[in-house]
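There are 2 protein chains.
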Amino acid sequence: MLEEKDIPKQWYNLAADLPTPRQPPLAPDGSVLKPEMLERVFPANIIEQEVSTFRWINIPEEILEILTLWRPAPLRRALAMEKYLKTPARIYYKDESVSPAGSHKPNTAVAQAWYNKKFGIQRLTTETGAGQWGSALAFACNLIGLKCRVYMVRISFDQKPMRKTMMQAWGAECIASPSPHTRTGRKILKEMPHTPGSLGIAISEAVEDAVSDRSGKSRYSLGSVLNHLLLHQTIIGLEVKKQLKIAGEKQPDVVIGCAGGGSNFAGIAFPFVCDKIHGKKIEIIPVEPTACPTLTKGPFTYDFGDIAGLTPLLAMYTLGHNFIPEPIHAGGLRYHGLAPLVSQAAVEGLIKPRAFDQVKCFKSAMLWARTEGAIPAPETSHAIACAIDEAKKAKQEAKQKVILFCYSGHGLMDLAGYDKFLSGKLRAYSLPRHKIRDSLCALKKFPVAKKIKTGRW
Amino acid sequence: MLEEKDIPKQWYNLAADLPTPRQPPLAPDGSVLKPEMLERVFPANIIEQEVSTFRWINIPEEILEILTLWRPAPLRRALAMEKYLKTPARIYYKDESVSPAGSHKPNTAVAQAWYNKKFGIQRLTTETGAGQWGSALAFACNLIGLKCRVYMVRISFDQKPMRKTMMQAWGAECIASPSPHTRTGRKILKEMPHTPGSLGIAISEAVEDAVSDRSGKSRYSLGSVLNHLLLHQTIIGLEVKKQLKIAGEKQPDVVIGCAGGGSNFAGIAFPFVCDKIHGKKIEIIPVEPTACPTLTKGPFTYDFGDIAGLTPLLAMYTLGHNFIPEPIHAGGLRYHGLAPLVSQAAVEGLIKPRAFDQVKCFKSAMLWARTEGAIPAPETSHAIACAIDEAKKAKQEAKQKVILFCYSGHGLMDLAGYDKFLSGKLRAYSLPRHKIRDSLCALKKFPVAKKIKTGRW
Numbered sequence: 001m002l003e004e005k006d007i008p009k010q011w012y013n014l015a016a017d018l019p020t021p022r023q024p025p026l027a028p029d030g031s032v033l034k035p036e037m038l039e040r041v042f043p044a045n046i047i048e049q050e051v052s053t054f055r056w057i058n059i060p061e062e063i064l065e066i067l068t069l070w071r072p073a074p075l076r077r078a079l080a081m082e083k084y085l086k087t088p089a090r091i092y093y094k095d096e097s098v099s100p101a102g103s104h105k106p107n108t109a110v111a112q113a114w115y116n117k118k119f120g121i122q123r124l125t126t127e128t129g130a131g132q133w134g135s136a137l138a139f140a141c142n143l144i145g146l147k148c149r150v151y152m153v154r155i156s157f158d159q160k161p162m163r164k165t166m167m168q169a170w171g172a173e174c175i176a177s178p179s180p181h182t183r184t185g186r187k188i189l190k191e192m193p194h195t196p197g198s199l200g201i202a203i204s205e206a207v208e209d210a211v212s213d214r215s216g217k218s219r220y221s222l223g224s225v226l227n228h229l230l231l232h233q234t235i236i237g238l239e240v241k242k243q244l245k246i247a248g249e250k251q252p253d254v255v256i257g258c259a260g261g262g263s264n265f266a267g268i269a270f271p272f273v274c275d276k277i278h279g280k281k282i283e284i285i286p287v288e289p290t291a292c293p294t295l296t297k298g299p300f301t302y303d304f305g306d307i308a309g310l311t312p313l314l315a316m317y318t319l320g321h322n323f324i325p326e327p328i329h330a331g332g333l334r335y336h337g338l339a340p341l342v343s344q345a346a347v348e349g350l351i352k353p354r355a356f357d358q359v360k361c362f363k364s365a366m367l368w369a370r371t372e373g374a375i376p377a378p379e380t381s382h383a384i385a386c387a388i389d390e391a392k393k394a395k396q397e398a399k400q401k402v403i404l405f406c407y408s409g410h411g412l413m414d415l416a417g418y419d420k421f422l423s424g425k426l427r428a429y430s431l432p433r434h435k436i437r438d439s440l441c442a443l444k445k446f447p448v449a450k451k452i453k454t455g456r457w
Numbered sequence: 001m002l003e004e005k006d007i008p009k010q011w012y013n014l015a016a017d018l019p020t021p022r023q024p025p026l027a028p029d030g031s032v033l034k035p036e037m038l039e040r041v042f043p044a045n046i047i048e049q050e051v052s053t054f055r056w057i058n059i060p061e062e063i064l065e066i067l068t069l070w071r072p073a074p075l076r077r078a079l080a081m082e083k084y085l086k087t088p089a090r091i092y093y094k095d096e097s098v099s100p101a102g103s104h105k106p107n108t109a110v111a112q113a114w115y116n117k118k119f120g121i122q123r124l125t126t127e128t129g130a131g132q133w134g135s136a137l138a139f140a141c142n143l144i145g146l147k148c149r150v151y152m153v154r155i156s157f158d159q160k161p162m163r164k165t166m167m168q169a170w171g172a173e174c175i176a177s178p179s180p181h182t183r184t185g186r187k188i189l190k191e192m193p194h195t196p197g198s199l200g201i202a203i204s205e206a207v208e209d210a211v212s213d214r215s216g217k218s219r220y221s222l223g224s225v226l227n228h229l230l231l232h233q234t235i236i237g238l239e240v241k242k243q244l245k246i247a248g249e250k251q252p253d254v255v256i257g258c259a260g261g262g263s264n265f266a267g268i269a270f271p272f273v274c275d276k277i278h279g280k281k282i283e284i285i286p287v288e289p290t291a292c293p294t295l296t297k298g299p300f301t302y303d304f305g306d307i308a309g310l311t312p313l314l315a316m317y318t319l320g321h322n323f324i325p326e327p328i329h330a331g332g333l334r335y336h337g338l339a340p341l342v343s344q345a346a347v348e349g350l351i352k353p354r355a356f357d358q359v360k361c362f363k364s365a366m367l368w369a370r371t372e373g374a375i376p377a378p379e380t381s382h383a384i385a386c387a388i389d390e391a392k393k394a395k396q397e398a399k400q401k402v403i404l405f406c407y408s409g410h411g412l413m414d415l416a417g418y419d420k421f422l423s424g425k426l427r428a429y430s431l432p433r434h435k436i437r438d439s440l441c442a443l444k445k446f447p448v449a450k451k452i453k454t455g456r457w
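Sequences listed follow chains A and B, in order. Position one of the first sequence corresponds to residue 1 (this note's numbering), numbered consecutively onward. Position one of the second sequence corresponds to residue 1 (this note's numbering), numbered consecutively onward.
Quick caveat, the hints were computed from the structure, so don't treat them as lab data. Among the hints, a few may not be true.
Claimed, not checked - Quick list of the computed label-pair ranges, beta carbon to beta carbon:
(1) A:432 <-> B:145: 41 to 47 angstroms
(2) B:194 <-> A:437: 54 to 60 angstroms
(3) B:183 <-> A:359: 37 to 43 angstroms
The beta-carbon is built from N, C-alpha and C at its ideal position, and this holds for glycine as well.
Kindly produce the complete structure, drawing on both the sequences and the hints.
Given below as structure tokens:
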């Protein structure tokens with residue numbers, strides 16, 4: 001329990017502490033990207049944060065006021081699961097599922113909406129796959145007073161109508177992508193009128209929509225990957241530090257977060273990565289699905305953030321921007337790349353990624369539901385699976401470890417996945433090596449991909 | 001913010017303080033029911049609570065331990081809505097949506113499961129309409145270690161498959177009712193193979209299942225109406241009292257809860273009804289739908305708790321046990337009666353009921369979602385609508401009132417109702433007088449119905 005007045009007043013920027021400097025984003029021709037080249041996509045105050053190397057960045061009072069609608073988020077101890085596992089470890093979890101949108105996403109959605117509004121922007125566009133991010137931005141725009149349009153991948157739009165209703169309840173427009181609203185959308189609809197859509201198409205539509213608005217009052221907003229958004233999520237780990245102190249713990253021995261684009265992982269982990277850089281012994285583990293093993297199987301190289309190649313080239317672990325993962329239920333972990341800051345922490349050896357298959361993760365989620373009571377998001381189940389492994393290891397070693405993980409969201413909108421698991425229809429899936437090779441081939445076309453030779457690559 | 005150690009250690013029993021004695025439950029022949037006649041349905045320790053007139057009843061340590069999975073539930077102030085309404089009132093809401101099942105129901109589900117287990121019972125049966133109660137009992141039985149079978153009204157079973165998955169995730173059996181598992185079910189299936197089912201049928205099946213189990217280790221569990229279950233919910237209002245004190249408020253001027261069977265209303269209101277009995281000036285308002293106006297339009301009389309007439313006769317406000325309300329989206333408020341203890345508080349004039357139609361309630365829910373951020377359950381929206389009315393009244397009167405209401409559950413499993421509202425397909429509905437008259441006719445057959453002459457009836 002943390003009091004409202006003790007909520008952190010600053011975000012932490014890992015860029016200030018990384019042992020080696022960040023690789024800059026590049027333009028498609030390989031030249032270093034100038035920040036002002038992003039100004040049609042993002043407002044200048046957000047770009048400033050994106051490139052900042054200040055260690056601490058003040059959280060504006062008005063953002064804090066909105067965050068206190070659900071923050072400080074509880075830090076709880078998983079006593080029932082500890083007992084079940086007969087582990088000497090103490091397992092703590094940071095419960096980010098308590099936000100109105102049901103995940104950690106609103107932490108950055110509120111901040112992004114606020115900075116855009118501050119800059120005079122009146123309307124944000126974004127894309128969403130499963131709907132978590134779209135809901136979070138709709139929620140934030142509504143509270144801040146911005147219009148919001150969400151391009152939702154058509155197959156999800158059709159399969160998850162309740163996510164659309166959530167966005168509409170918060171006053172946002174939710175449109176199936178591809179749509180007739182953009183040039184990209186019209187072109188694709190003409191060529192493939194029955195396409196289920198993809199995140200790549202939806203990103204292209206959202207960016208095109210924002211930059212082609214002649215009033216100049218529209219911008220684009222992203223749910224993960226970029227630096228400023230990881231920054232906004234660090235409030236998670238900073239709160240945890242205060243809460244662990246109240247609980248009488250010096251520091252965690254293990255910190256775990258699931259990793260798709262990297263935002264909830266960075267949120268809980270970066271303040272502890274900072275401690276590790278400064279000499280503390282902490283094991284920090286991002287967990288990804290074996291169906292999309294970016295950190296565990298991909299190379300660290302320059303790649304586009306989206307399929308269409310509209311974003312700058314980012315230095316990150318990637319499976320190649322053309323890579324389309326299997327339709328696993330942890331939709332939030334189906335991203336081909338991983339945030340540059342998280343990627344660089346991995347290159348430096350500060351974090352040690354693991355990959356689990358979805359059957360193991362759903363089994364862990366069931367153990368969680370039947371001991372701790374709540375039903376986790378399929379994404380979150382990856383962190384739980386890892387926490388269980390670590391608790392078992394602590395038992396074998398007879399060590400009283402402190403294990404901390406981020407409970408990034410609840411699974412109430414994802415029960416279809418549980419239904420499949422409970423009826424025995426869910427299969428484990430690991431991406432075969434040849435598929436990674438095929439997908440990475442395309443990267444070789446970019447000469448810049450070969451330039452990075454830091455760390456283990 | 002209340003610390004875990006400050007969670008109330010006793011439940012409050014309004015029966016100890018009611019100005020006039022309770023009307024006893026009756027057997028179908030009109031004789032006073034002996035508690036032991038209930039022993040095939042409920043365990044003796046629960047029956048003891050049901051008839052108790054002790055003011056304070058200790059909460060067993062093990063129940064408290066499970067409740068702390070999500071309790072103390074937050075008491076929050078609706079600052080954004082206050083600002084929007086430009087009201088001088090201070091609006092507080094007790095957030096019961098934070099439980100893993102998403103509503104206040106687990107407060108009693110956990111207690112009932114624990115007492116049954118303590119008594120040597122191994123298996124509970126129950127019925128569920130929309131699924132809130134079934135999920136809560138499944139959740140509780142799983143944590144306590146009881147088997148659980150839920151008879152779910154077939155139409156809901158088919159329309160809300162996710163609720164079934166929730167129950168299954170917690171290890172419960174969820175069966176569409178009518179089912180081939182009971183005599184009642186088989187008979188109805190033979191006569192009407194395509195019936196959508198009803199709560200009345202489901203109750204009959206669940207009770208029959210429990211009492212006909214030859215091992216004697218099965219009992220039945222109910223989600224609202226009875227005294228012991230209202231008792232378990234008083235932890236809500238008792239926590240609020242401590243929290244208001246921390247917030248620097250002496251007492252609320254207005255206390256509001258939605259009322260279906262009466263459990264969340266009793267939970268937040270009874271500790272304040274006690275204050276009112278002892279001279280404090282507090283307005284206490286149960287809010288019901290105009291589609292099912294039990295307290296505002298029904299008589300106070302003896303009636304069965306279920307359609308089939310399997311329960312004892314209870315002295316309560318009722319629209320007649322044959323009454324089937326319109327299919328409004330607040331499924332939890334579609335009950336023909338109202339808890340005897342709540343009913344008697346109404347007879348005594350301690351509480352003043354109001355009724356609202358669902359369109360007004362959904363509008364209020366939208367205002368809530370767009371100011372405070374979260375999407376409430378359709379049931380909860382009734383309490384919000386009343387809080388808004390009271391806040392507006394305070395503005396007209398220029399009074400700095402303290403308004404308190406129970407935010408009984410979230411609406412994430414009820415988005416279909418929002419979709420209907422947002423697309424303009426939802427209609428207001430008030431039960432016409434002749435329909436009440438028709439439904440009440442059947443009651444005249446029970447001579448006991450005429451016996452009660454307390455209060456305004």
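Index of numbered hints that the structure contradicts, given in increasing order:
none
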